[in-house]
Amino acid sequence: MQQSKRWAWLKSWEALMFIILCTVVVANLRLSEHYLDLNNLANIFHLSIEKSLVVLIMAFVIINGEIDLSVASVMGLSATVLAERYDAGWPIAAGFALALCVGVLCGLLNGLFAAYMGIPSLIVTLAGSIGYRGVARILLEDRSVGDFPSWFTSLGQDGIIGPFPITIFVFIALFILGFVILQYSVFGRYVYAIGNNRAAAEYAGINAKQVKVTIFMASGLIAALAGAFYAARLGNVRANAAEGFELDIITIVLLGGASIFGGTGTMIGVGLSLLVVLNLRNGMSLSNVDGNTQTSVIGLLLILSVLVPNLIQILQRLVPRLFTAISRILNKGGATEPKSQVSVHQ
Amino acid sequence: MRRIRRWVPLQRLREFSLVIILIIVVFIFGNQIDNYYTPRTFNRISSTVALITLVAVGQTMVVLTRNVDLSVGSVVGFTAYYVGRYVSKNEDIAPLMLAALAMGIGAGMGLINGLLVAYGRIPAIVVTLGTMAIYRGALVEYSDSKSVATRQLPDWIKELPQESILKFGEYELRALPAIALVAVIVFFFLLLYSSFGRRLYAIGSSPEAANLAGIRAPRMVTLAFTMCGAMAGLGGMLYLARFGTITVDAARGMELQVVAAVVVGGVNILGGSGTVLGAMLGAILIGTIEQSLIRMNINEFWKDALLGLCIIIAVTVDRILINQLTPWWSRTELQRMPEEPHAAV
Chain A
1 MQQSKRWAWL
11 KSWEALMFII
21 LCTVVVANLR
31 LSEHYLDLNN
41 LANIFHLSIE
51 KSLVVLIMAF
61 VIINGEIDLS
71 VASVMGLSAT
81 VLAERYDAGW
91 PIAAGFALAL
101 CVGVLCGLLN
111 GLFAAYMGIP
121 SLIVTLAGSI
131 GYRGVARILL
141 EDRSVGDFPS
151 WFTSLGQDGI
161 IGPFPITIFV
171 FIALFILGFV
181 ILQYSVFGRY
191 VYAIGNNRAA
201 AEYAGINAKQ
211 VKVTIFMASG
221 LIAALAGAFY
231 AARLGNVRAN
241 AAEGFELDII
251 TIVLLGGASI
261 FGGTGTMIGV
271 GLSLLVVLNL
281 RNGMSLSNVD
291 GNTQTSVIGL
301 LLILSVLVPN
311 LIQILQRLVP
321 RLFTAISRIL
331 NKGGATEPKS
341 QVSVHQ
Chain B
1 MRRIRRWVPL
11 QRLREFSLVI
21 ILIIVVFIFG
31 NQIDNYYTPR
41 TFNRISSTVA
51 LITLVAVGQT
61 MVVLTRNVDL
71 SVGSVVGFTA
81 YYVGRYVSKN
91 EDIAPLMLAA
101 LAMGIGAGMG
111 LINGLLVAYG
121 RIPAIVVTLG
131 TMAIYRGALV
141 EYSDSKSVAT
151 RQLPDWIKEL
161 PQESILKFGE
171 YELRALPAIA
181 LVAVIVFFFL
191 LLYSSFGRRL
201 YAIGSSPEAA
211 NLAGIRAPRM
221 VTLAFTMCGA
231 MAGLGGMLYL
241 ARFGTITVDA
251 ARGMELQVVA
261 AVVVGGVNIL
271 GGSGTVLGAM
281 LGAILIGTIE
291 QSLIRMNINE
301 FWKDALLGLC
311 IIIAVTVDRI
321 LINQLTPWWS
331 RTELQRMPEE
341 PHAAV
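The listed protein sequences correspond, in order, to chains A and B. Mapping of the first sequence onto this note's numbering: position 144 corresponds to residue 144, and the numbering continues sequentially without gaps. Mapping of the second sequence onto this note's numbering: position 51 corresponds to residue 51, and the numbering continues sequentially without gaps.
Misleading hints may appear alongside valid ones.
Stated by the list, open to error - SDA-like cross-link-like pairs, simulated, lysine to any residue; straight-line CA separation at most 20 Å:
#1 B:Lys-303 x A:Gln-294
#2 B:Lys-146 x A:Lys-209
#3 B:Lys-303 x B:Asp-92
#4 A:Lys-209 x A:Tyr-192
#5 B:Lys-303 x A:Arg-238
#6 B:Lys-303 x A:Ile-138
#7 A:Lys-209 x A:Ala-193
#8 A:Lys-209 x B:Ile-320
#9 B:Lys-303 x B:Ile-320
#10 B:Lys-303 x A:Asn-240
#11 B:Lys-146 x A:Gly-291
#12 B:Lys-303 x A:Leu-139
#13 B:Lys-146 x A:Gln-294
#14 B:Lys-146 x A:Thr-293
#15 B:Lys-303 x A:Asp-290
Calculated from the structure, these hints are not laboratory results.
Bound-form chain A, shown alone (with noise of 0.2 Å):
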């Protein structure tokens, strides 16, 4: 028994996950000589940051149970009202304090209407896609704002050490708060206890409508700074900023074990498929294969990695039936006689 547990950890997700990976990066390896280039890997990650900090909170929502489709429209919300507001004379900071208002009351919108009003998230976030994106379109018409002030951009193109810029920084920090609070406080183990539970989780006390609140906010609230790093990395915005992001950020957490119906997935094995997902896009970049292909190797990958799992708990209800079934016919065979086969049934 104890030596079956030693291994146990080899079939959980995160280590799938992790042999995936090592393929990745070898394959990488083979593929091109620049892939260990400091600056590549800096670009691995500088080029989706805004994607890699909104992974982590949706980690949060779809472990509770819900799911948040408006994340791409807050980003492009909230980079549009910093760029609106910097346009109008306003500082940068106070544009910046502004989105994230903005993100946070969307988030608030968001969690009002799915856990006080009992619409289901996917069509509240649906409304709230579309609903904030146009918000965006008011502001900025089909006007493109950039000139912004240099020490702003250089935030999010300038590395700080090495090549690597200060939003990377942002998002390692980010990932060891997530985890702590996701895997060790009492607040995360509420998360887990709502997505497996809800009914179980309001009996045994806790309050899962100010939980789920309280998750769209932070949902709200990251969008909105992966949104200003967005600006500040590209010193350009329009109203379609970061549109259609949210089915990278969906997807990266899916692969990353957590269920669409809640209450599993951890933030290694999110964190892992991450790294998977930005280094078989930066391989597939660095061997020129087109964004909508790289896309779709990466939705195959997603059905394939829910779908083999399931396929080998098939496979293993069905193998031991499909044996006793030949055998069943072998001794058919064998026996010459009605009668004897009458007396194997019995």
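For this one, chain A is given, so just place chain B on it according to the hints.
Relative to chain A, chain B alone:
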């Protein structure tokens, strides 16, 4: 009053209130926009609505079984491109054959979704999120990033959107809305009165009960996804007819509009209730608001914000009204006999 309750199910009331909302919306726009009540407006709105409706009909079947198909936008885009490329090489293919080809491709894509969901036991949202990216990637690979241009198409397909089937004075029912209308009528009766339709409702209402009743849920779910794919394929052909130019980005984001139409039309996203008629009304409401806002001089950028607002209001009002009305509506004489206040649940 009792008689009304018996003859008008709650679902009809829902659709009736959608019609009233629609009339109010049209009335408001009519007051704001000059020359609103003209055949031109009608044609414009109806051909937008036709596309969404057609795909929403298929989506309704999937949503009824507690699933969702997010890949419809990619299916529409892929079939539109494939059919456009095919018809530009084989100009003499019969229109019906082309429609069959489009539906066949769509059905094949839907079948993949269905098999993965029903037999691979993967949540529908995960499968269709993945296939949405895969089908779009397939389109990019197949097209080699070239687009189909209007001039490559034969004349009949270019003229299809202008073809009128019925005329009432200046108002005409054109081909695209007519096709959508036929689909709605067929599926309305199919879902309400055929055993296939009733099984879909049964699976969505309670999978365990459906299983105990001997319904083979995986087979039905696969069928629903396949039919949804077929309708999206037909939608792809009409998309080609309507727009002519098809790029790799064709119909990107259409799945959001379709799901929104289905949800506004009162189809429960948790399965088991809703009709195709509702989905059509939802599509009409969304299409009317969208096209009218474009006509309105204030600001076309308001379109999306109002659309999001409209969805959330429709769903919230629906939730509150239905929650309030359901106990009152379903109270029959038998149930009313014990007059305990807490007995009415």
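Hints, verified against the model:
no.	hint	verdict
1	B:Lys-303 x A:Gln-294	violated, 32 Å
2	B:Lys-146 x A:Lys-209	violated, 50 Å
3	B:Lys-303 x B:Asp-92	violated, 41 Å
4	A:Lys-209 x A:Tyr-192	holds, 14 Å
5	B:Lys-303 x A:Arg-238	holds, 17 Å
6	B:Lys-303 x A:Ile-138	holds, 9 Å
7	A:Lys-209 x A:Ala-193	holds, 13 Å
8	A:Lys-209 x B:Ile-320	holds, 18 Å
9	B:Lys-303 x B:Ile-320	violated, 26 Å
10	B:Lys-303 x A:Asn-240	holds, 14 Å
11	B:Lys-146 x A:Gly-291	holds, 15 Å
12	B:Lys-303 x A:Leu-139	holds, 13 Å
13	B:Lys-146 x A:Gln-294	holds, 18 Å
14	B:Lys-146 x A:Thr-293	holds, 15 Å
15	B:Lys-303 x A:Asp-290	violated, 32 Å
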